[in-house]
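> Generate coordinates for the entire structure from the input sequences, incorporating the hints supplied.
First to last, the sequence lines map onto chains A and B. Mapping of the first sequence onto my numbering: position 27 corresponds to residue 27, and the numbering continues sequentially without gaps. Mapping of the second sequence onto my numbering: position 79 corresponds to residue 79, and the numbering continues sequentially without gaps.
Since the hints were made in silico from the structure, they are not lab data. It is possible that part of the hints are untrue.
Claimed, not checked - When the alpha-carbon atoms are kept at most 20 Å apart in a straight line, the in silico DMTMM-like pairs for lysine to aspartate or glutamate are as follows:
| # | chain 1 | residue 1 | chain 2 | residue 2 |
| --- | --- | --- | --- | --- |
| 1 | A | Lys101 | A | Asp80 |
| 2 | B | Lys3 | A | Asp105 |
| 3 | B | Lys100 | A | Glu96 |
| 4 | A | Lys43 | A | Glu8 |
| 5 | B | Lys124 | B | Glu41 |
| 6 | B | Lys8 | A | Asp98 |
| 7 | B | Lys16 | A | Asp53 |
| 8 | B | Lys19 | A | Asp5 |
| 9 | B | Lys71 | B | Asp49 |
| 10 | B | Lys16 | A | Asp131 |
| 11 | A | Lys43 | A | Asp98 |
| 12 | A | Lys10 | A | Glu130 |
| 13 | B | Lys19 | A | Glu48 |
| 14 | B | Lys154 | B | Asp112 |
| 15 | A | Lys101 | A | Glu62 |
| 16 | B | Lys100 | A | Asp139 |
| 17 | B | Lys16 | A | Glu8 |
| 18 | A | Lys10 | A | Asp53 |
| 19 | A | Lys10 | B | Asp15 |
| 20 | A | Lys25 | B | Glu41 |
| 21 | B | Lys19 | A | Asp98 |
| 22 | B | Lys8 | A | Glu62 |
| 23 | A | Lys43 | A | Asp53 |
| 24 | B | Lys71 | A | Asp16 |
| 25 | A | Lys25 | B | Asp53 |
| 26 | B | Lys124 | B | Asp15 |
| 27 | B | Lys16 | A | Asp5 |
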Amino acid sequence: MSNFDFSELKVLICDDSLQIRALIKQCLMAFGIQNIVDAMDAKTGFQELVDTDPDLVITDWEMPTGNGIDFVQHIRRSPDSPNPYVPIIMLTGYTELDRVKIARDNGVSSFLAKPVSAVSLYRRLVSLVEDQRLFVRSDSFFGPDRRFKVSETLEGPDRRV
Amino acid sequence: MSKASIIKPDRQLGDKVGKTGGPTPEQAILRALNATENLSEAYQGWAVDDLQDLWRAFQESASDEGAEVRKMFNIAHEVRGQGGSFGFPLITSISDSLCKVLEPRTSLTRRDMEVIRIHILAMKAVFHQGLKGDSGNAGKVGHELPQLLAALRKRSGA
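Right, here's the structure in full:
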């Protein structure tokens, strides 16, 4: 594996848990990413997205005001979105197949199951760096091509619960 | 049938990431583990609040079942995600089992209540005994725990 230099990346973390935000932030900083903004809900998250135009969004699914899927839809479809193609990692304790399909059908780029570990976060970051997927726009869908490595989100050592 | 268009994004994440010049993957992960060690210590303090909320919801579930069952599930689900993230995989195992008990239920029998009570007490014991990580005593407990929890859930039919 390459010695990736992530230092130029800007990342937005959106999670209502202060602890999880702190954990992800510390991990990303250890990977070399210094430019990190965070938000505790989808509304604040979208404002941070508009203000900072990040290269990557990591969002929780369940948040008290506006869930992660609504947030993803807003990022992908709103005319105010600075980059509708931004890679989005959905962070969730729900790893059931139905949930994965819902997330994928709403334009999520990748899944990261809780509990989060430094290893799983690093691997997910690298997989997105190497992701050359095209986007598909139709009447009913806008997001990364869904025919790509769907099984990767469900199998392997990262699936812990 | 609607037409779909294929679009190549102007910006890719890889455009801003050099393939050299950064830490090795092993270095990056080791740094992250070291950096999050202090959060793992602090987590025990935060988790006390979650367990207190869980215990309160458990006690109140006798009088207001439906709402409190949902509340207990939400707390247990949150704890499930956090435990392992902060170095307490046993907490994730126990709260995962508790989620399995609570998720299909809208009301609770006396036997359910006993099963839930044991789950909460088990989580308290993990923190009280400092059973962190997946080796040593925590590893031994972790090895036997899934079977014990499954047997416990069976008592409430979950």
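> If a hint holds in the structure, say so; if it does not, say that too.
Hints versus structure:
1. Lys101(A) / Asp80(A): Violated - the C-alpha atoms of Asp80(A) and Lys101(A) are around 26 Å apart, more than 20 Å.
2. Lys3(B) / Asp105(A): holds (17 Å)
3. Lys100(B) / Glu96(A): holds (13 Å)
4. Lys43(A) / Glu8(A): Violated. Lys43(A) to Glu8(A) sits at ~26 Å, over the 20 Å cutoff.
5. Lys124(B) / Glu41(B): holds (16 Å)
6. Lys8(B) / Asp98(A): Not satisfied, since the Cα-Cα distance of roughly 28 Å exceeds 20 Å.
7. Lys16(B) / Asp53(A): holds (14 Å)
8. Lys19(B) / Asp5(A): holds (6 Å)
9. Lys71(B) / Asp49(B): It holds: about 14 Å lies between the C-alpha atoms, which stays within 20 Å.
10. Lys16(B) / Asp131(A): OK: Lys16(B) and Asp131(A) at ~13 Å, within 20 Å.
11. Lys43(A) / Asp98(A): Violated: Lys43(A) and Asp98(A) sit about 26 Å apart, past 20 Å.
12. Lys10(A) / Glu130(A): Holds - the C-alpha atoms of Glu130(A) and Lys10(A) are around 17 Å apart, at most 20 Å.
13. Lys19(B) / Glu48(A): violated (28 Å)
14. Lys154(B) / Asp112(B): holds (10 Å)
15. Lys101(A) / Glu62(A): Satisfied, since the Cα-Cα distance of roughly 16 Å is no more than 20 Å.
16. Lys100(B) / Asp139(A): violated (38 Å)
17. Lys16(B) / Glu8(A): holds (6 Å)
18. Lys10(A) / Asp53(A): Satisfied, since the Cα-Cα distance of roughly 8 Å is no more than 20 Å.
19. Lys10(A) / Asp15(B): Given that 20 Å is the threshold and the Cα spacing comes to 13 Å, the pair holds.
20. Lys25(A) / Glu41(B): holds (16 Å)
21. Lys19(B) / Asp98(A): Given pair Lys19(B), Asp98(A) is violated - Cα atoms ~35 Å apart, limit 20 Å.
22. Lys8(B) / Glu62(A): Violated, at roughly 30 Å.
23. Lys43(A) / Asp53(A): OK: Lys43(A) and Asp53(A) at ~15 Å, within 20 Å.
24. Lys71(B) / Asp16(A): Distance of about 16 Å is within 20 Å: holds.
25. Lys25(A) / Asp53(B): Violated, at about 26 Å.
26. Lys124(B) / Asp15(B): violated (47 Å)
27. Lys16(B) / Asp5(A): holds (9 Å)
Checked against the numbered hints listed earlier, the structure breaks hints 1, 4, 6, 11, 13, 16, 21, 22, 25 and 26; every other hint is satisfied.
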